[in-house]
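These protein sequence lines map, in sequence, to chains A and B.
If you count the first sequence from 1, you need to add 453 to reach my numbering.
If you count the second sequence from 1, you need to add 453 to reach my numbering.
Everything labelled a hint here was simulated from the structure, so no lab data went into it.
Accuracy of the hints is not assured; some may be wrong.
As the list makes no split between identical chains, a pair holds if one copy fits it or if it spans any two.
Below, computed lysine-lysine pairings styled on DSS-like, alpha-carbon distance capped at 30 Å [what the hints assert, rightly or not]: (1) K1313 to K1342; (2) K1314 to K1288; (3) K1288 to K1085; (4) K1292 to K1320; (5) K527 to K1211; (6) K1342 to K1314; (7) K671 to K868; (8) K1280 to K1086.
Number of protein chains: 2
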Amino acid sequence: MEVSVMANKKKAKAKKSRYVYFFGDGKADGKAVMKNLLGGKGANLAEMTNMGIPVPAGFTISTEVCNYYYKNGKKYPSELKKDVLSALTRVEGVMKAKFGDSANPLLVSVRSGARVSMPGMMDTVLNLGLNDVTVRGLVSQTKNERFSYDAYRRFVQMFGDVVLGLKPKGKDEHDPFEIIMDKIKKEKGIKLDIELTTEDLKRLVRLYKEEIKNKTGKVFPEDPYEQLWAAIGAVFESWNNERAITYRRINKIPEEWGTAVNVQSMVFGNMGDDSGTGVAFTRDPASGEKEFYGEYLLNAQGEDVVAGIRTPQPIEDLKKHLAKPYGELLKIYKKLEKHYREMQDMEFTIQKGKLWMLQTRNGKRTGLAAIKIAVDMVEEGLISTDEALRRIEPEQLNQLLRPIFDINGKKSAIKEGRLLTKGLNAGPGAACGRVVFNAVDAEEWAKRGEKVVLVRIETSPEDISGMHAAVGILTARGGMTSHAALVARQMGKVCVAGCGTLEIDYSKRQMSVKGVAIKEGDYISIDGTTGEVINGRVETKPSEILQVLLEKKLDPKKSEMYKLFDKLMKWADKKRVLKIRTNADQGDQASVALAFGAEGIGLCRTEHMFFGEGKIEAMREMILADDAEGRKKALNKLLPIQKNDFAGIFRVMKGLPVTIRTLDPPLHEFLPHEESEIKKMADFMGISPGKVKSKIEYLKELNPMLGLRGCRLGILYPEITAMQARAIFEAACQVQKEGIKVLPEIMIPLVGHVNELKQQASVVRRTAEEVMGKVGQKIKYTVGTMIELPRAALTADEVAVVAEFFSFGTNDLTQTTYGLSRDDAGKFLYYYYEKAILKEDPFQTIDQDGVGQLMQIGVKKGRTTRKDLKIGICGEHGGESKSVEFCNKIGLNYVSCSPFRVPIARLAAAQAVAKANK
Amino acid sequence: MEVSVMANKKKAKAKKSRYVYFFGDGKADGKAVMKNLLGGKGANLAEMTNMGIPVPAGFTISTEVCNYYYKNGKKYPSELKKDVLSALTRVEGVMKAKFGDSANPLLVSVRSGARVSMPGMMDTVLNLGLNDVTVRGLVSQTKNERFSYDAYRRFVQMFGDVVLGLKPKGKDEHDPFEIIMDKIKKEKGIKLDIELTTEDLKRLVRLYKEEIKNKTGKVFPEDPYEQLWAAIGAVFESWNNERAITYRRINKIPEEWGTAVNVQSMVFGNMGDDSGTGVAFTRDPASGEKEFYGEYLLNAQGEDVVAGIRTPQPIEDLKKHLAKPYGELLKIYKKLEKHYREMQDMEFTIQKGKLWMLQTRNGKRTGLAAIKIAVDMVEEGLISTDEALRRIEPEQLNQLLRPIFDINGKKSAIKEGRLLTKGLNAGPGAACGRVVFNAVDAEEWAKRGEKVVLVRIETSPEDISGMHAAVGILTARGGMTSHAALVARQMGKVCVAGCGTLEIDYSKRQMSVKGVAIKEGDYISIDGTTGEVINGRVETKPSEILQVLLEKKLDPKKSEMYKLFDKLMKWADKKRVLKIRTNADQGDQASVALAFGAEGIGLCRTEHMFFGEGKIEAMREMILADDAEGRKKALNKLLPIQKNDFAGIFRVMKGLPVTIRTLDPPLHEFLPHEESEIKKMADFMGISPGKVKSKIEYLKELNPMLGLRGCRLGILYPEITAMQARAIFEAACQVQKEGIKVLPEIMIPLVGHVNELKQQASVVRRTAEEVMGKVGQKIKYTVGTMIELPRAALTADEVAVVAEFFSFGTNDLTQTTYGLSRDDAGKFLYYYYEKAILKEDPFQTIDQDGVGQLMQIGVKKGRTTRKDLKIGICGEHGGESKSVEFCNKIGLNYVSCSPFRVPIARLAAAQAVAKANK
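Only chain A is shown next, with the shape it has when bound in the complex:
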């Protein structure tokens, strides 16, 4: 009976707190696992409260209310009002203060809090509850009139900006309150806020309220409850402000998640020298070292730390000033890390000697730190290797492969005061070079062997070739998704973007930062991993991993970084099911990939072998030939070249599988298009330019992507396929004779109908038999096909009758499934992301619903015909972690990617298994 009453009570309580979750005084309705409902901040505040950690009391309005709000014409559930008021009463009880009380007023903050952190994207209101009456209560409580009116003027400004919408929208607008503040400072001939007197602050409050009246026509609400509801509404509204929408789009956060709202008692770090505020990490977020790391400011509010006007102190120094709260902080951070089994990023405030924790969350970290922390935590017994594999974003491995600064060089540069500024870490890695201010110069200087850093206010498509020529890119404007940032990441260039403090004068060919002028040709060094911009030279060197693996200049035992990498890769290799291959056309690329752990070549594009001096001419001769005889004559010139290339690859790969794709691109790609080039080619071939032109004209296609290419070439001109097969098998026989194993897999591209494959496979097999018979060698080989057209996937059961293996060509499969030309889509796809019509670029991440569905059909049907059909992927998706996870899920045998992405693919493949196991 007792039990059932308890259960009923619990139910009743659970029902009651459906929308509002209280926390405070060691008890909370929520807990850490309720992130979806309470947001990250709210869930962790509840968790800390339950752990007995001092957290100012408050309550969280759940994300369900956000969804309700947007689904119901911006109305709240009817129960909400009562629930909020009742939670507020509980807060008053715990904090022993009363909301709106003239003697002892409770002040609160109102903050957003989504399932994942969206730093700075949504709105916050602090010091809420102040008005002309309660401010006097605050004075009497704190015995500090200046502090109280400072808090009041901050509140009015914040309320005006955030709730009443006076916050500037464009870059060219100014905050109306800042304008007033500046005017008063000017009048009084002062510079710092701190120089304002209490009277100044009181005047500001008045002026701010007048400004609000003038700008909005509304009177500033003195009623704290009115303030509260307005602030809650503003935070919900901010879920759909433009910045938040953009951030969600970039970070692929669904709109449906919504935000929670946290209403929490204010504590103040600016109540004197026994107060302070700071942020801390349980481990170093840059290096991952296991040491308490953080910064604080005495007598300051959180926003002061962020604003960067005063320089914060390292956290160790807090011990000297406030030993007791520091001691508590040490205990708390250890407790939190152990509890969460993850590196924590914490915010705290000390109010008159009392430590309050305001936030804890998993800390962001660099790639290096992510790996170091994960590996260390495994060794400390905190987490399993599976957990470690799950935690590292495979893309972060990229950072370990980029050039780095000499660590001592950078330290001393900073000591020498050469750190100019910090921008956005838009393209990881380190670069050092001479400054140029336009793309043309970048190209010219680079041509004469100079390393240059291209500095632009912002970049545009015309700068592409200059960006390509530069070792690094630095821009004054633009965020993480600006043109510069996007292109740099795509190119793998070091990039620091959006350096607001940079003043660039193109006409003077000069830039300046805080008075330091840097002219064209001067050296700067930029760290794209941290965003730092350093005056003068800092030596860079290849990543330690590369020094060990590729250059073999560094002893693996001497590199901590390599050891971490190696440990992680070994765990990954043990875990993963997918094999990892590489896309490589030449022996040297294959060597790099092997060093990175590739287990074969998944795509060797033979057409790349046709470019370059002495090859392109023969190729053109072949294209211009009038008949099969003429083509054969030209192909005979190409034969030894291809054979040589294949032999080189076979020697490197030593019996690992090498998938060679027969000629794929439309022939016109091999012909010149400039008048002068046409003339040169015609002269070289001893024919008229007219003949060249008419061939070019003949080969012109309306939609080359859907034209005469892929196996269609080999079907029309079987002599091309025959030559390629001959080159492959002659090379294979030769290398095998040298005592090196070979395993060629010949892959026919762009097959739509099994008969196409049948015809091409027969050319390959016939040639193979002929070559092997002649040379007297037996080569083990297979013939398979790309699955890159919807029809091939849909009829995979028929295709597999002939194909001994499949390889998904997801680039073309995406183009045809979506009816979207990758080359042309740039003009409108950006708009699709902007309007959230598409959430992800289907050319980067496999579109699982469409393209992925076809892949699944292909796998299923292919394996109904051949139970153990080997299936891989060689599109660019093969090196993208989410796509790798998908490939694992649908049962592919391998993924193939570019050499430098092999480690990423290895980790992603392991993660896929570790995630599936979870």
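Mind docking chain B on chain A? Use the hints.
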């Protein structure tokens, strides 16, 4: 006990005759339904035998042997030899003659016989069994030495040609035996074969045998058994000769069907004036009239009828010469037609007064005859309406819609001896015009209002525009699949091709037929339905159907043709489940389609409305606008034009559904590309040509098919969709106010992701609400989408959440599923058909395995979301009979096709049901 012994005997017999099926003396192992096994000829010989009709005894070697032969390295099943010999013995018994006997030798023919007739494609050997010994037996049996040696020399020639491979392969080669014959004739100064003496024939036999020795190195086999096996092998071989392969490809006959071989006792129609041979039809194959129709030759062999050297007599005349066998023939033809319930095409031979039937099969016929016969047979109670619907090839209806000759005009022209010659009936219909000999003249003459017939030796792609300008096309060379024939059928042009007797002299601008010269500018008349070429003018007129339905000049009661058509269409409409709609962009097209029985518009392309004076300018202004405001301004000019067009269509359609597709083609299609046109446009708009050019440059795409088109336009420029929606709903409201019902269905093209549709649908709905609200009218309407990208079909369940209907755009769906640009594929697809990589043009007939599979996925998934989702097809496949059958099978609601194909679609839709019911 008795029964079971019988059964066992039957089994044993069935087993024994697995490969060889005897027929003769009223008993046959096979029957008509065994066509797959025995081929058409063999099955019908067996059937006739069983019916008691006089058929020379023989046996059929089944098609299974053909397949065995090709699958087993050209070897026969081991039982075959014994089976053939035992069947041969039975034949000897029935025919009372012995194979290879010196006194009374049995002679046989060895003929091919596939499941469907492949006239002249495979080989035949007659008079087999003759050698220097048996020929004397034939002499003594027939008492006719000349006849016997003529048979012998024919046999040696045929054996040399067919079995030993001396038959000329190219057009420029001559038959070596004909050369010898010509030499002898020349020596003797004679012209006709009949003038050769017995001695000449004996000498020819010797010379032929020597020629065989010289040419092949082999001695002519005197052993009849050796002859027989060699001939059987040659017939099987001929299944895979080049002509046969091409014929199979064109007629879509699977290679796996194989051919049977018929070995049959010879009977001779050339044993004197009591002998003869002929062909006959149970009804007139041209008009379908119910009258016995045929031709015969006295004292002749079958090949003489075909060769056309002697002119055959009409069948009625046989009564005068050979009344008894004629009487038998009349009985037999009636018996056969009744038995087969189909019009029969028969071959017969009369040997010394005795009638032998050599073949019966369903007769080929014109479209008109097909309909007439089917309708008549229903009325005679011979067949059901279902059977009638199944029998008419829907494409044949086309013939009823083409212009026709005035029947009396043509009759009198032929009476006057103006029939010049006959060629292949490559493009049905009648044409009369002045002769021109090249495409340029054709265009020029046509421009000044002349009707011209383009006469060419053969046509090539350069002649296209001339062919387009001509009312008819006549060629001297090329078959039913020549360039001229293909293009003409595609264009719907009247064409007579491959008129071998035509001599054309381009330099003299003159052609001549059998000495009659026709100069440029002279009138000729050609009948593409019969292949006749007539000198001078014969009046043409529109088909009677069009005169009734469209021109309303002919009383439906007065046209036999219309009555047939109408009867058939009524049966079809009763039978079919699919609705038939039309693709029409203008009111007049819609009217035509309605007259032909359309039940709605399935595709109204709005872009066609933008071409033409006064429209294209506003469209261009829209494209050149710099912003949404500029676009809206230009769109406002287009609004009234579109509205007017829509109103016109709504008025015609009177409440039938009208599916309107929003703007689809890439914008650059609306811009000029010639320098002078650009200048004109720039002047008109008062801007610089540079601006026009830079816009053209900007809109240029690498793969426009996969670029900025379809809904992507509307998404980027929602104002375009809004304008179109406004035009539709303003027009709808206006017409509804006039008291005419309207039912618009707005269709969004090129949707790949449901979010695209969601966005466009919301623009349409918003605009609809706005217009309806303003006008105060309520319009019933739906918003749906084209399914023309693989992704749309694959995610049809999601798309159907928004789409209220689907319409398969199979043109684009085929392009994307196959990765094949229809515009570019011409350069290589021909090769695909030639090499049998593809059997059918996927742009003409739905590729059921690939594209069709996607359609099935789309239908299934779409209807899981919306159980009663209306689904149609508006690609060009919607008017092609096989595709219509497929659409019926997968449960579509309607097909939509061009107005003139509506009757074809009606019949095809009915046929689909009738076939499924069978």
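Results of checking the hints against the structure:
In the homo-oligomer, the alpha carbons of K1313 and K1342 lie at most 30 Å apart both inside one protomer (13 Å) and across protomers (25 Å), since each shortest distance falls under that limit. Proximity of K1314 to K1288 under the C-alpha cut-off of 30 Å is restricted to the inter-copy arrangement: shortest distance 27 Å between copies versus 37 Å within a copy. In this assembly of identical chains, K1288 and K1085 lie within 30 Å of each other by CA distance solely across copies; the values are 21 Å between and 53 Å within a copy. In this assembly of identical chains, K1292 and K1320 lie within 30 Å of each other by CA distance solely across copies; the values are 29 Å between and 36 Å within a copy.
Taking the shortest alpha-carbon separations for K527 and K1211, only the inter-copy value of 22 Å comes in at or below 30 Å, while the best intra-copy value is 62 Å. Proximity of K1342 to K1314 under the C-alpha cut-off of 30 Å is found in both arrangements, the shortest distances being 16 Å within a copy and 23 Å between copies. Taking the shortest Cα distances, K671 and K868 never come within 30 Å of each other, neither inside one copy (52 Å) nor across copies (103 Å). When the C-alpha separation of K1280 and K1086 is checked against a cutoff of 30 Å, the pair qualifies only between copies, where the shortest distance is 23 Å, while the shortest distance within a copy is 43 Å.
Violated hint for the displayed structure: number 7, the only one.
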